[in-house]
Structure formats: structure tokens, C-alpha cells
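> My request is simple: use the sequences and hints to build the entire structure.
Just so you know, the protein sequences line up as chains A and B, in that order. 315 is the number that full-length UniProt numbering gives to position 315 of the first sequence; each next residue is one higher, with no gaps. 186 is the number that full-length UniProt numbering gives to position 186 of the second sequence; each next residue is one higher, with no gaps.
Please keep in mind that the hints were generated in silico from the structure rather than gathered at the bench. Each hint should be verified, as a subset may be incorrect.
Distance condition first, Cα-Cα at most 20 Å in a straight line; then the derived SDA-like pairs of lysine to any residue [stated by the list, open to error]:
hint, chain 1, residue 1, chain 2, residue 2
1, B, Lys333, A, Leu339
2, B, Lys281, B, Pro323
3, A, Lys333, B, Lys281
4, B, Lys333, A, Glu139
Beyond 12 Å from chain B on every Cβ pair, some chain A residues (computed) [stated by the list, open to error]:
hint, residue
5, Leu40
6, His115
7, Leu119
8, Gly167
9, Ala263
10, Gly268
11, Ser284
12, Tyr289
13, Leu330
14, Glu340
Here a beta-carbon is modelled for each residue, glycine too, at the ideal position from N, C-alpha and C.
Each chain, letter by letter, is given below.
Number of protein chains: 2
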Amino acid sequence: MSETDGKALASELAGRLEAALEAWREALGPAHVVLDPEALEAAETATFATTQRIPALLRPADTAQVQACLRIAQAHRVPVYPVSGGRNWGYGSRVPPGDGSVLLDLGRMDRILEHDEQLAYLTVEPGVTFRQAHAWLRERGSSTFITTIGGSPDASLVGNALERGDGRGPNPDIFQHVCALEVVLPTGERVETGHARFPGARAAPVFRWGLGPVLDGLFSQSSLGVVTRMTFWLSRKQPWFREFFCAVNDDAWLWDAVNRLQALALDGTLKGSLFFWNDLKAFSVAQQYPYASVGRTPLPDWAREQFREGFGRWAISGALSAPDADFGALLEKRLAGALEGAFRPVAFTPGPPDGESPFQ
Amino acid sequence: MSETDGKALASELAGRLEAALEAWREALGPAHVVLDPEALEAAETATFATTQRIPALLRPADTAQVQACLRIAQAHRVPVYPVSGGRNWGYGSRVPPGDGSVLLDLGRMDRILEHDEQLAYLTVEPGVTFRQAHAWLRERGSSTFITTIGGSPDASLVGNALERGDGRGPNPDIFQHVCALEVVLPTGERVETGHARFPGARAAPVFRWGLGPVLDGLFSQSSLGVVTRMTFWLSRKQPWFREFFCAVNDDAWLWDAVNRLQALALDGTLKGSLFFWNDLKAFSVAQQYPYASVGRTPLPDWAREQFREGFGRWAISGALSAPDADFGALLEKRLAGALEGAFRPVAFTPGPPDGESPFQ
Numbered sequence: 001m002s003e004t005d006g007k008a009l010a011s012e013l014a015g016r017l018e019a020a021l022e023a024w025r026e027a028l029g030p031a032h033v034v035l036d037p038e039a040l041e042a043a044e045t046a047t048f049a050t051t052q053r054i055p056a057l058l059r060p061a062d063t064a065q066v067q068a069c070l071r072i073a074q075a076h077r078v079p080v081y082p083v084s085g086g087r088n089w090g091y092g093s094r095v096p097p098g099d100g101s102v103l104l105d106l107g108r109m110d111r112i113l114e115h116d117e118q119l120a121y122l123t124v125e126p127g128v129t130f131r132q133a134h135a136w137l138r139e140r141g142s143s144t145f146i147t148t149i150g151g152s153p154d155a156s157l158v159g160n161a162l163e164r165g166d167g168r169g170p171n172p173d174i175f176q177h178v179c180a181l182e183v184v185l186p187t188g189e190r191v192e193t194g195h196a197r198f199p200g201a202r203a204a205p206v207f208r209w210g211l212g213p214v215l216d217g218l219f220s221q222s223s224l225g226v227v228t229r230m231t232f233w234l235s236r237k238q239p240w241f242r243e244f245f246c247a248v249n250d251d252a253w254l255w256d257a258v259n260r261l262q263a264l265a266l267d268g269t270l271k272g273s274l275f276f277w278n279d280l281k282a283f284s285v286a287q288q289y290p291y292a293s294v295g296r297t298p299l300p301d302w303a304r305e306q307f308r309e310g311f312g313r314w315a316i317s318g319a320l321s322a323p324d325a326d327f328g329a330l331l332e333k334r335l336a337g338a339l340e341g342a343f344r345p346v347a348f349t350p351g352p353p354d355g356e357s358p359f360q
Numbered sequence: 001m002s003e004t005d006g007k008a009l010a011s012e013l014a015g016r017l018e019a020a021l022e023a024w025r026e027a028l029g030p031a032h033v034v035l036d037p038e039a040l041e042a043a044e045t046a047t048f049a050t051t052q053r054i055p056a057l058l059r060p061a062d063t064a065q066v067q068a069c070l071r072i073a074q075a076h077r078v079p080v081y082p083v084s085g086g087r088n089w090g091y092g093s094r095v096p097p098g099d100g101s102v103l104l105d106l107g108r109m110d111r112i113l114e115h116d117e118q119l120a121y122l123t124v125e126p127g128v129t130f131r132q133a134h135a136w137l138r139e140r141g142s143s144t145f146i147t148t149i150g151g152s153p154d155a156s157l158v159g160n161a162l163e164r165g166d167g168r169g170p171n172p173d174i175f176q177h178v179c180a181l182e183v184v185l186p187t188g189e190r191v192e193t194g195h196a197r198f199p200g201a202r203a204a205p206v207f208r209w210g211l212g213p214v215l216d217g218l219f220s221q222s223s224l225g226v227v228t229r230m231t232f233w234l235s236r237k238q239p240w241f242r243e244f245f246c247a248v249n250d251d252a253w254l255w256d257a258v259n260r261l262q263a264l265a266l267d268g269t270l271k272g273s274l275f276f277w278n279d280l281k282a283f284s285v286a287q288q289y290p291y292a293s294v295g296r297t298p299l300p301d302w303a304r305e306q307f308r309e310g311f312g313r314w315a316i317s318g319a320l321s322a323p324d325a326d327f328g329a330l331l332e333k334r335l336a337g338a339l340e341g342a343f344r345p346v347a348f349t350p351g352p353p354d355g356e357s358p359f360q
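The following block contains the structure:
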């Protein structure tokens with residue numbers, strides 16, 4: 001491209017952006033089209049170095065405003081990048097993959113739209129966080145809980161599910177346990193998935209398929225639409241609950257243990273997730289990087305060996321739950337049998353009764 | 001349309017069909033482009049009256065031939081209608097919804113491509129039937145089984161899953177427990193879903209998502225592609241297994257029982273499907289329509305009352321399974337508690353050891 005062409009293009013892009021910003025201010029109110037340099041810089045910052053620039057933040061209040069945002073973006077051909085909570089730490093946070101994308105921040109859409117205690121579901125907007133959903137359920141004395149993720153409590157339920165996050169609980173593969181999406185397409189059209197597209201369909205929050213092709217998957221890890229509502233299937237708290245943990249030093253024993261635990265997962269003893277962490281993963285969760293004692297990266301072998309002495313090379317952890325103590329005792333016995341001979345024998349500890357355990 | 005226009009169109013359609021048939025004979029061999037009137041008439045016949053005509057049957061042997069069939073159909077603009085087993089009895093069987101569709105019969109593609117006993121999956125072509133898969137697993141002394149459907153054993157696994165059939169077993173919602181689809185698009189292009197698109201990806205048969213948008217759902221209850229391969233997640237046979245059955249006369253008691261059973265499904269006591277049948281459903285399964293004794297349709301009240309006397313108004317049935325008898329005894333006790341007070345008390349019967357039970 002010649003210099004003249006480059007200048008002409010830059011000027012055309014700037015003109016299109018100005019026109020779009022004007023239309024967005026009209027649609028959202030000027031307060032929700034953010035050009036403040038500090039806010040933009042914060043949004044351009046991740047846990048790693050970035051060079052992408054964000055020309056503006058849009059903060060729609062509801063689905064109709066998301067539709068307006070996308071229609072305007074289309075009309076003026078300005079790229080937008082939607083984020084729900086923007087807390088996808090370590091994987092890019094809020095930073096769009098390309099330069100010059102306007103950030104569509106759905107954080108203001110933070111309503112919990114429906115909760116059914118008996119049928120165990122929660123329907124939320126994309127701004128609803130794990131912290132908020134947990135507090136909501138706790139305030140109401142709910143017997144249900146959401147799958148717990150390893151990330152920030154300020155992460156979005158919808159954002160996590162769309163990126164296909166996993167967590168602890170009986171529904172560890174989160175996107176496998178959601179349905180009834182509301183999605184705004186790039187054209188500004190609104191679609192609902194499953195039975196949710198039929199007004200008043202009472203099965204919509206509990207039956208995922210609906211009629212005809214299933215669209216939900218199209219909108220996960222995807223740029224094909226902006227998800228503005230989703231229903232999450234909750235788990236029931238069980239009267240009997242134990243976390244378990246054991247440490248492993250011998251690789252051959254570990255592979256055998258993986259096979260024995262796989263059998264327990266298939267026979268129903270283990271209902272949810274279980275975790276295999278090596279020493280480095282456990283080290284990074286247990287403490288900050290020990291700059292004071294080791295003075296450099298990468299971690300020297302002696303420091304790793306020191307950590308291993310107390311910890312082992314691998315850890316296996318998870319949780320068991322049962323409707324009563326007799327039931328639980330059988331699960332505990334089966335699991336202990338499968339993990340017999342570990343470097344640090346398996347230990348069982350009751351989780352706190354309010355379901356706030358990181359293993360819940 | 002004028003008579004002349006109509007004749008011109010009919011002649012054009014006939015010409016396009018002739019050209020397509022010629023190309024299909026070239027691609028499949030003449031024996032697999034079926035024009036035999038008896039075969040066509042059989043394919044036009046369902047369990048209800050139909051008027052649709054089928055001009056030909058195509059019987060491809062493999063995915064490459066399916067691709068050729070669709071490229072030719074596109075080139076000559078002749079509609080094709082794919083069926084796997086054609087045993088979707090009661091819902092149309094093999095009969096295309098529109099007139100003049102060539103039937104793409106995938107029955108020759110009946111290879112079981114992969115079976116992993118430990119990881120409990122089975123990868124099949126669309127012609128593989130439930131009977132065939134069951135025999136295969138049994139011959140190999142497998143400890144796994146496929147979800148059992150209420151339809152014909154000669155139904156296709158792939159056809160059933162794509163229509164989102166359900167069945168008995170720990171994975172009752174079959175399409176929720178499949179992955180790694182191979183699909184031929186109307187253009188003749190071949191796509192694989194999940195990790196299956198990466199050559200040699202070992203997680204493909206056990207991890208459904210892959211990277212990016214999830215396409216599997218697009219091809220169920222759909223005309224967007226022809227599925228030529230699918231992986232099914234199997235269940236592990238359990239040492240302890242009981243079928244249960246109880247009859248109910250009182251509607252109010254039934255609704256309470258539904259709530260109690262829902263709680264057992266959420267707490268893990270009931271892992272698979274359970275069934276609520278009313279008297280008419282049970283009647284239709286138990287026997288042929290009693291023309292000899294009642295002489296007419298619909299069923300007169302006295303005949304229904306007679307059946308109810310022995311049966312009740314509703315039946316609840318399902319199965320419990322556990323890794324050992326102690327475990328099983330606890331499940332049985334919990335279920336019996338939830339169904340206490342039924343018209344005919346809950347009965348538990350062991351299923352046959354080879355897993356051939358209709359409730360398995």
C-alpha cells in the first residue's frame with residue numbers, strides 16, 4: 001500500500017468510527033460510550049504484554065441495546081469484541097485479538113432472571129458473576145450450588161461457559177449443563193435456542209434440545225453471535241460430603257491409579273470432577289513465586305525438590321458426596337481401595353456446610 | 001402454471017434425473033442405483049398412508065461414495081433424502097417428506113470402526129444397528145453396553161442419535177453421549193467434528209468439544225449434512241442390577257412421586273432413565289389391539305377399565321445399578337421409600353446377566 005493509500009484508509013476508518021460512535025451515543029446514552037484513556041488502557045492490559053489498541057468501550061444495559069450496538073457496528077463496518085466479565089485471566093482477559101476493535105462490555109447486564117429451587121436451574125445475563133450467583137443462592141438458603149471454577153469469583157458464568165471452562169462439582173463440564181441461550185447475531189437479529197424460542201415453553205430451562213438442529217454449540221468459542229442470556233443447571237447439595245486428597249511419587253503407580261479412578265467414574269462412585277496436579281501446578285497455587293529465596297526464574301531444581309519432599313510429585317484430589325452417611329461410607333471405602341499405596345495416603349475432610357469449599 | 005409450462009418443467013426434471021442416475025451408476029456401480037418398482041414401493045411405505053414417490057434408491061458403500069452422490073445431486077439439482085437404517089417406525093420410516101426425492105440409503109455402510117473396552121466407546125457407520133452392536137459387544141465378552149431403545153433392534157445407532165432418541169441405561173439421552181461426527185455436506189465436502197478433525201488426535205472419541213464452535217448439534221434433526229460416522233459412549237455393566245416397577249392409581253400420589261423421584265435423580269440414587277406410562281401406553285405395549293373382544297376403535301371405556309383393574313392407571317419403571325450388593329441395598333431402600341404407598345407396591349427384579357433386558 002502506498003503512503004497516500006494508507007492515509008486515505010486511516011482517514012476512512014476514522015470517519016467510520018466517528019459515525020459509529022455518534023450512533024452508539026444516541027443508542028446507549030453518552031455515559032455508556034467510554035473514551036476515557038485510563039479505562040481504555042486498563043482494557044488493553046492483560047497478564048502478558050499486548051499491543052492491541054481499543055478505540056472505545058460500549059456498555060449496553062439490555063438485549064435491545066446489544067442489538068442496536070451490533071446494527072450500528074454492521075452499518076459502519078467497525079469491528080466489536082464482546083466480553084461478559086472480562087476476567088478470563090491468563091487467556092487474554094478483555095483484550096481483543098485484533099487491533100482497533102471496540103469493546104462490547106456486557107458487565108451492566110447483571111440480572112439473575114430466574115431461579116428454580118426444585119428444578120435446580122439459574123437463568124442469568126452475561127454480567128452475572130460467580131460471586132453474585134453464590135451470594136444470591138446463599139441469601140435464599142438454596143440447597144443448590146453452581147460448579148466452582150479455578151478462576152476469579154468475579155468471572156462471568158456466561159463467559160466461562162462459552163469458553164467451555166471446567167470446575168468442581170457434579171457438573172464439571174459446564175457447557176454440557178447449560179441451555180436456552182439468547183443470542184444477538186451480527187445483523188442485530190435475536191435468536192433463542194432450544195424450546196426457548198417458543199413463547200411460554202415451560203420445558204425451555206430444563207430440556208436442551210428443542211426442535212430441529214441444535215444451535216447452542218455454534219456460539220461457544222465463537223465469533224458468530226453475542227450471548228445475552230443462558231440457563232445453568234445447578235447441583236443439589238448433599239447431606240454427606242467429603243473432599244479427598246492424596247500425594248503420589250511413583251509415576252507407574254499414578255498411571256495405575258488413573259485407570260482405577262476411571263473405573264470408579266464409570267461405575268458411579270465418582271460423580272464429578274477429579275484433579276491430577278503435578279508439583280509445579282500445586283506450587284503455583286500454594287504460594288507466590290519464591291523470588292526472595294531463589295532470586296530468579298525458572299525454578300531451580302533444588303527448590304522444586306524441596307517442595308516435592310513435603311508434597312510429592314503428583315496430587316490427586318476431588319470430592320465425594322452422598323445422600324446419607326451409610327452411602328458415603330461405601331463411597332469412601334471404594335475410593336480408599338482404589339488409592340491404596342499412595343506416597344501420602346488418601347485423606348478425607350468434610351467440606352464447610354455452606355458450600356464455599358474450593359472443592360465443592 | 002400453464003399446462004405447457006408444467007409439461008416443460010416435468011420434462012426438464014426427468015432429464016436432470018436421468019443425467020444424475022447415469023452419473024450415480026458410474027460412481028456406485030449399476031447394482032447400487034436401484035429402480036426396481038417393488039423396492040421403491042417398499043421404501044414409499046410407512047405405518048401410515050403416504051403419497052410421496054421415490055424415483056430411485058442409492059446405496060453407497062463408503063464415505064467417498066456418499067461424497068460422490070451428493071456432488072452429483074448438486075450438479076443436477078436432484079433432491080436426495082438420507083436414511084441410516086430406515087427403521088424410524090411410527091415417525092415416517094424411510095419415506096422422504098417431499099415428493100421426488102431420491103433415497104440415499106446408508107445401510108451398506110455397516111462397519112463397526114472402533115471399540116475401546118476400557119474407555120467404553122464404539123465408533124460406527126450409519127448402517128450399524130442396535131442388534132449388530134449388541135452382538136459385537138457380546139461376542140467379545142464386553143463389560144459395556146449401549147443404551148437400549150424402545151424401537152426395533154434393526155434401527156441404526158446413528159439414525160436414532162441424530163433424531164435424538166432416548167432409551168434405557170445410564171446414558172438415556174443418547175445425543176448427549178456421542179461425539180466425533182464425520183459429515184458430508186451438500187457440496188460433497190467432508191467435515192469431522194471435535195478433535196476428530198486433527199489427524200491422530202487420541203482424545204477425539206472421548207472429548208466432545210475440540211476447538212472453536214461446536215458443530216455436532218447442527219446435524220441432528222437436520223438436512224444440513226449426511227452423517228457417515230459417529231462415536232457412542234457406552235455404559236459399564238454393574239455387578240448389582242435391579243429393574244423396578246410399581247403401579248399407581250391416584251393422580252395426586254403420582255405427582256408427589258414424580259417430585260420424590262426427581263430428588264433421587266438429582267442426588268445420584270437414580271442414574272439413568274425412568275418411565276411413567278399411563279394405562280393406554282402399557283396396554284399398547286402389552287398386547288395387540290383387542291379387535292376380537294371389543295370389535296372396534298376407539299377402545300371402549302369398559303375395556304380400559306378392565307385393563308386398569310389388573311394394571312393401575314399409571315406405571316413407574318426403571319433400573320438401579322451399583323458396583324456391589326451393599327451399595328445396591330442402599331439404593332433399593334431409598335427408592336422403596338420414595339415409592340411407598342403405591343397401588344401396587346414397588347417390585348425389584350434382577351435383570352438377566354447378559355444385559356439383554358429391555359430395561360438394561
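> Hints first: check each against the structure and report whether it holds.
Each hint, compared with the structure:
1. B:Lys333 <-> A:Leu339: The given pair, whose Cα atoms are some 29 Å apart, is violated under the 20 Å limit.
2. B:Lys281 <-> B:Pro323: violated (33 Å)
3. A:Lys333 <-> B:Lys281: violated (43 Å)
4. B:Lys333 <-> A:Glu139: violated (34 Å)
5. Leu40: holds (28 Å)
6. His115: Answer for His115 of chain A: holds, closest chain B Cβ roughly 15 Å.
7. Leu119: Incorrect as stated: the minimum Cβ-Cβ distance to chain B is 8 Å, not above 12 Å.
8. Gly167: holds (15 Å)
9. Ala263: violated (8 Å)
10. Gly268: Gly268 of chain A is in fact no farther than 12 Å from some Cβ atom of chain B, at 6 Å.
11. Ser284: Since the minimum Cβ distance to chain B is about 24 Å, Ser284 of chain A lies beyond 12 Å and the statement holds.
12. Tyr289: It holds; Tyr289 of chain A is separated from chain B by about 30 Å at its closest Cβ, greater than 12 Å.
13. Leu330: violated (5 Å)
14. Glu340: Nearest chain B Cβ is 16 Å from Glu340 of chain A, so the label holds.
In terms of the numbered hints stated before, the structure departs from hints 1, 2, 3, 4, 7, 9, 10, 13, listed from lowest to highest.
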